[in-house]
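Please model the complete structure; the sequences and the hints are all you need to start from.
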Amino acid sequence: MAEELSGNIKKVYDAMVKIGAMNESKSKGIEDIVREARIPKGVVANSLTELMKKRIVKRKVGEKTAKYYIL
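Residue numbers (the working numbering): 936 to 1006.
Worth flagging that the hints you see were computed from the coordinates, not collected in a lab.
Take these hints with a grain of salt, some might be off.
[Said to hold, decoys possible] Once the Cα atoms are required to be at most 20 Å apart in a straight line, the calculated EDC-like pairs of lysine to aspartate or glutamate come out as:
1. Lys945 with Glu998
2. Lys988 with Asp949
3. Lys993 with Glu966
Here it is, written out as structure tokens:
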């Protein structure tokens, strides 16, 4: 699945793998992903949207912020 990804979308996916956002209980906020991917927050947000459209990443609504994890 990840081999189909390219550019910033792949960077975001790889960052999520590296920080361990591999299931709902280990979901991470966008700031954690931005820090690891080292790309701007807007780019990360757009990449996460694309990953959600492809059903690779899921968004979990938290009390204050959303968290994301790989399916």
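Provide an ascending list of the numbers of those earlier hints which the structure does not satisfy. Hint 1 alone not satisfied by this model.
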